[in-house]
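Chemist: Spelled out, the chains give:
Protein chains: 2
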Amino acid sequence: MKNRPKPVLKLKRLGIDTYKEPVIYMRQDCHVCRAEGFEVQARLLVTVNGKSLTATLNMIHNGILKPGHAALSEYAWSKLGAREGDSIHLSHAPSVHSLGHVRSKIFGNVLDSEQLGAIVKDIVAGHYSDIHISSFLTACAGSRLNEKEIVALTRAMVESGDRLDWGRKLVVDKHCVGGLPGNRTTPIVVAIIAAHGLTMPKTSSRAITSPAGTADTMEVLAPVDLNLKTMRRVVEKENGCIVWGGSVSISPADDLLIRVEKALDLDSEGQLVASVLSKKIAAGSSHVLIDMPVGPTAKIRTLQMAETLSRYLEQTGAALGISVRVHTSDGSQPVGRGIGPALEARDLVSVLRNESAAPQDLRERALDLAGHILEFSPGVKSGQGRKMALGILEDGRAWKKFQAICEAQGGLRDIPKPKNTQIIEADRAGEVVAIDNRRIARVAKLAGAPSDKVAGVDLHAPVGTKINKGQPLFTVHAESPGELDYALGYLEGQQGIISIADEAAA
Amino acid sequence: MKNRPKPVLKLKRLGIDTYKEPVIYMRQDCHVCRAEGFEVQARLLVTVNGKSLTATLNMIHNGILKPGHAALSEYAWSKLGAREGDSIHLSHAPSVHSLGHVRSKIFGNVLDSEQLGAIVKDIVAGHYSDIHISSFLTACAGSRLNEKEIVALTRAMVESGDRLDWGRKLVVDKHCVGGLPGNRTTPIVVAIIAAHGLTMPKTSSRAITSPAGTADTMEVLAPVDLNLKTMRRVVEKENGCIVWGGSVSISPADDLLIRVEKALDLDSEGQLVASVLSKKIAAGSSHVLIDMPVGPTAKIRTLQMAETLSRYLEQTGAALGISVRVHTSDGSQPVGRGIGPALEARDLVSVLRNESAAPQDLRERALDLAGHILEFSPGVKSGQGRKMALGILEDGRAWKKFQAICEAQGGLRDIPKPKNTQIIEADRAGEVVAIDNRRIARVAKLAGAPSDKVAGVDLHAPVGTKINKGQPLFTVHAESPGELDYALGYLEGQQGIISIADEAAA
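As they're listed, the protein sequences go chains A and B.
Under my numbering, the residue at position 421 of the first sequence is numbered 421, and the numbers go up by one with no gaps.
Under my numbering, the residue at position 347 of the second sequence is numbered 347, and the numbers go up by one with no gaps.
Derived from the structure by calculation, the hints contain no laboratory data.
Among the hints, a few may not be true.
Below 20 Å or equal to it, Euclidean Cα-Cα: the simulated EDC-like pairs (lysine to aspartate or glutamate) are [to be verified]:
{"#": "1", "chain 1": "B", "residue 1": "K466", "chain 2": "B", "residue 2": "D361"}
{"#": "2", "chain 1": "B", "residue 1": "K299", "chain 2": "B", "residue 2": "D267"}
{"#": "3", "chain 1": "B", "residue 1": "K469", "chain 2": "B", "residue 2": "D452"}
{"#": "4", "chain 1": "A", "residue 1": "K262", "chain 2": "B", "residue 2": "E39"}
{"#": "5", "chain 1": "B", "residue 1": "K229", "chain 2": "B", "residue 2": "E407"}
{"#": "6", "chain 1": "A", "residue 1": "K419", "chain 2": "A", "residue 2": "D452"}
{"#": "7", "chain 1": "B", "residue 1": "K20", "chain 2": "A", "residue 2": "E39"}
{"#": "8", "chain 1": "A", "residue 1": "K466", "chain 2": "A", "residue 2": "D502"}
{"#": "9", "chain 1": "A", "residue 1": "K381", "chain 2": "A", "residue 2": "D368"}
{"#": "10", "chain 1": "A", "residue 1": "K20", "chain 2": "B", "residue 2": "E492"}
{"#": "11", "chain 1": "A", "residue 1": "K299", "chain 2": "A", "residue 2": "E269"}
{"#": "12", "chain 1": "B", "residue 1": "K262", "chain 2": "A", "residue 2": "E39"}
Over the 12 Å line for every Cβ pair with chain B, so calculated as not near, a few chain A residues [claimed, not checked]:
{"#": "13", "residue": "I106"}
{"#": "14", "residue": "G108"}
{"#": "15", "residue": "S134"}
{"#": "16", "residue": "G178"}
{"#": "17", "residue": "N227"}
{"#": "18", "residue": "R346"}
{"#": "19", "residue": "R397"}
{"#": "20", "residue": "G411"}
{"#": "21", "residue": "K419"}
{"#": "22", "residue": "N437"}
{"#": "23", "residue": "S451"}
Backbone N, C-alpha and C fix where the C-beta goes; we use that ideal spot for every residue, glycine too.
For reference, chain A alone in the conformation it holds in the complex (with noise of 0.2 Å):
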């Protein structure tokens, strides 16, 4: 090949951030893309400093790329540790072989796991595009994995990351299939259960598109970005912890999935089962709690749903040696007060308190869950685990526990306070007949949460509560005045977020 140039470019960054699509940006004219006969939205095969990947290719027509450079967007910049000027290399991408057997799904034959396996490796390795991703996920809902599918896909999903092992018999998991907004359960019950001695390493995830999650709220209490090594020391002293799961590779398939699921807005039963379960089998859990809430606007909406889907979770579990319980709780409104990193710091520090204005239902809630997981331990009999979770908190044993994990974290923190403040009245007297979870989200978000820790709404009248007019609805909190005024201008377009019936109708 003496005659033929070598098709190298120098990599320029533009900061182009695509989320988790790899894109290789080159100009229209750069004589790489004439020589190999690259086209636009050709699949091409990157390779930066001895690493590879495959990248869709979009064209610049413009000035932005000098000759002679090409871009890469910011997920496939930092999977190849590229840095600017580095050299990149460029080929055809290979054929998928596994998009065969993706074909051979959408034709309905069963996959088995050696396919299954070929296909999630080549998802990791980050062979498919979007467009691929969205196939085999259509290919595999609608009730078309059959069990055993499902039992290969979780297996597939597992061995594509890291699988930790705590070198313990009993360690105990839990996750929330669908939550509620406020349902903050989660730090309330590691404490209960470490307290008790079980181990619960618990990896959280950040809000994706809810005003909060699990691991922005217990960032406000202590740190929650925390490597394996430091994980392990806290769990071996602590028995459990409240981590960030970003820094854990575990299932990385999973990932990839879930953000094309999201776009599709598609749930399937296989894949929901492969994506809960390969968490949990990776990250070295022996028992799991699933918390299912149910109700009409919930994600399971009915308890015959519920029940399929149990069926599924606790079969595959078991085929892949864990035991798996389901527990169905009311998923008709949200729990707790607060929502947005430090008021949801705030509600579930003042249940481990036992504070008599801790929101009851978030307390109950914990409590229920804690106790399910208890009675996981061979020397705690059914029916016994609610009541010592009970006693757990009660006794001060879990706020103990919960201070004392804050602290092997990397010390606890001061819930900041509030800086700029607005509260919501009444405009009328009456009942409180429902709160539109969707949009009261969405206030607390245009108020900052989660990004400004402070940032969310407080809510003061849940659904029953009686008001009289010019009574406080609830509060809006956000880090600058401006944010609030973004929040307040966004509640002056909007009615009945709170709906108020009257005394007499309600």
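With chain A fixed as given, assemble chain B onto it according to the hints.
Modeler: Same frame as chain A, but now just chain B:
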């Protein structure tokens, strides 16, 4: 909403070509993103000068966008008719109701015309991202569309764009399903049919991944970039034309679907039927001949596949009021000699001029197809068409008509002469037993086809040729010495593009 700054930004052209995916680029620290809660990969409704579309959000972390600015991908830019500095208004994209129908299809339900119509309408309006289109295509693949659904989908695609009316009862057309390299029969067929007096307003495509499309080849001989008015004038005068279909907006849904199908390498029966027939019906055809090459490396691999597909094509055509006939042909090897626009133009002119050196396989195929099309005419008896076609070709009427069509389209052009050529010789004696179509097409593309008209490959030794050592196998043609070098450089690293077997063995 008096307190709330309006979410307006100024447009800046970054010139990023994402093919047909609308993307909006905003700064990560943009006050509008913050205020509205826009996150990377969100779907936004973008409004410029009163026109709107839905785009996917990419964030910019660097300084390529100034504060207060936003950018659009080239596709979104041209669809919105945007200009530098225009004001751009943004909001969350409204939820797309028809995605519920896609989910319904995923769960195995049959969709009615209204539902399929709503899906196609939303796709054309730009409300579906590639992820959504991929899901729709996957849900319909694997024989999951029944005959009624195929008819409804085809009708919806016809109605998604303009529909031509030629004011004549008999309007014929042809289409090749899964073309073969060099199979450039269309201009010959149109010339014969138009010379006979039937109306054949042919729109063709440019190459997407091949070294030449019919429009690229025809452009060597005459202008093909005609608007609808000029096209009508040509057809009224000469009964036929061969123009580029890109300037006429027929079945725009098809272009959007095909692009994702290509990425998925998924071509389901239902989509294929809807794609082919929607274009033909929208183009105003009453009678369509489908050329279907069948062979082990062709798109249609078995006669059984060909029969199933033929039935769907004929039934769907009948349901929508057009007459469809399928002609299966040999799909085992390439057709003609030249690969690349000018070389293919030379071949087809040579056939039209009845030159003795004209490629006989191309001539025979064109006569077969023209014969079948002539039989659509009430005045032509079954079995007589081919003989009539031969007469029209042999007595020079076809060549005369072709010249007249070229003149009407803007003037017959001389075929440009090759500038830089290199003959590739056989390194041993024997018989040519196979030609790798994929790799020989790659050589033609590396040499510059189709954008350089003269570039391509001229085959001198079709399968079955007995050759001596040193005898020419093929010639590479290029516009510049550099491009010739690229193509030759590629050849150096390749073995067996043309397989030669010992005469004894062959």
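Chemist: Does the structure break any of the earlier hints, and which numbers would those be?
Modeler: Hints 3, 10, 13, 14, 15 and 23 contradicted; others consistent.
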